[in-house]
Structures are given as C-alpha cells and as structure tokens.
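Protein chains in written order, with my numbering: chain B, 1 to 93; chain L, 1 to 167.
It is possible that part of the hints are untrue.
[Claimed, not checked] Calculated pairs, DSS-like style, for lysine-lysine (alpha carbon to alpha carbon, straight line, at most 27 Å):
hint	chain 1	residue 1	chain 2	residue 2
1	L	K146	L	K157
2	B	K27	L	K14
3	L	K62	B	K57
4	L	K15	L	K160
5	B	K27	L	K15
6	L	K39	L	K5
7	L	K101	L	K14
8	L	K101	B	K27
9	B	K2	L	K46
10	L	K46	B	K54
11	L	K101	B	K29
12	L	K39	L	K100
13	B	K76	B	K57
14	B	K27	L	K99
15	B	K27	L	K5
Hints in this document: simulated from the structure, not taken from any laboratory. Keep in mind the model is a prediction, meaning the values are calculated, not measured.
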Amino acid sequence: MKIEHVDGENRGKILLYALSTCGWCRKTKEFLSKLGVEYSYIYVDLVDDSEKDKVIKEVRKFNPRNSYPTIVINDKECIVGYNEDEIREVLGK
Amino acid sequence: MSEVKSEEIENLYKKLDSEAESFGYHLNSDIDMTKDLIKGLLVNEKRYGYLACPCRLATGEKSRDLDIICPCDYRDDDLNEYGSCYCALYVSKDILNGKKKLGSIPERRHQKDEKRQIKEKSIKNNIISLSKPVWRCKVCGYLCGKDSPPEVCPICKAKKERFEIFI
Ligand code: SF4
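Go ahead and model the full structure; you've got the sequences and the hints to work with.
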C-alpha cells in the first residue's frame, strides 16, 4: 500500500485518508502543507483491491460513514471533512 | 489508467454548465475547483465505466454505486440544506452571489437508510389500488404513473435505472 509522506514540523502522528479525485481532500492536503506540519496520506481509491477492505475498516473505526477526507491524529482523534478551524485547533497551530 | 485530456474536461464542463443553467442549477464559480472535480468524474468514468462521484469511494459495482452517479441522489437535498452538493460541484444561488459561504458539508449518504426502509415497508403493507404504479426519479423527484419509468427523466435527464417505485 502506498503511504505518501510529507516532511514538516512534528505535531504528532497525522494520517490523512483521502481520495485522489476529491476536491475537499485536495484542499485538506494543501492546508496541512501550508501549516507546515509533518503528515502522511493514503489515496484510498488507489489502494489495491486486496488491501482496500483493510483500509476501509481502519477508516470506519474513526469515521463510521467512511467519508473523505478523514484525518486521524495519534491513532485516536479524528477530523471528518475539510475544516480549517478544527484542524488548527487539534494541531495547536 | 489512461490520462484525462484537458479537451475532455473542457467538453464535459461546457455540457454540465449549460445543462445546469437551463435546469435551474449552477456549477461552482471557482473554476479551478470545478474543473478538478470534472476531471475526477472523468477519471472515475475511465476507471469504473460511469461518472461516479469524485468525493466518494465507489465500489466499482454499478448496482451498488447507482445513488452516487453524478448527479447523485443527494444533490438536491444538500443544495437545499447547505447550498452545495457534497463535492461542491453544484452550488446554490446564495453561494454563487456570495451571500452564503461555501464549505465542506457532512455526508448524507446512508444516513436515511433506516427511515427509507421503514417507509418502503409501510407502503408495501398499505393496500392501495392504483391503475398504474407511480415511479419517482431519485435525482430530481419527478413522478409519473405508468407501467415502467421513462428511458430518461424528462426533467433532469437521469437514466431509467435511477427511478424507484414510489406508490
Ligand atoms: S452532484 Fe453528487 S455526485 Fe455529483 S459532484 Fe455533487 S456530490 Fe458528487
């Protein structure tokens, strides 16, 4: 599975589940980059079929609606959708 | 996956824009965002064979993705409640005029599944005698009473498969 990594300031483990075709996902990615934090992202639509169920299950654990973008912070907190204020608050930026 | 050509994006943009305007809808005036979403639709068309919503995870099985083929079953409700569809490809007049701010909205899909099932059951249990069944277009709400739904919805042009039995 392809997990992309973006370097930046460490603000905890930030994992963005996104779709490669989705506008709000792109905006979320751009915003994280603008904040300059270190994060990783997975394009779930591009994940191999053999691994997709596993990834979806992971997303559902935090966001039962399985919608994108979903950001998981430190394996416990979760932000659903593109919400600059919420991202700033959770990351303390 | 074959690349989407800019010409294809332009063409679909023009088609959707003119259709939207003639049916009382509006595309997002943020052209970059709109064209990216249209590119996403075309990527999905190449990938799955139909214009699956770019902001939702399609299964690739058409029968399971019918409700999220663009325009999806949720567009009108989302436009009414939030002023845009889930992806923000379509926006309301208020958003277009800047009276309302565009933002990411919650996913409506699967929210009403239970309610819908209950409704469908109660309809089936009611003994209604109609000379013809009533079909409803899930995209725009158009109703018609005949043996089968039309090939395409005369109002919004959605295909036959998007109709459900209403009564
Ligand atoms: S109308 Fe529905 S399917 Fe089309 S872009 Fe908007 S949310 Fe996605």
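Unsatisfied constraints (hint numbers, rising): none
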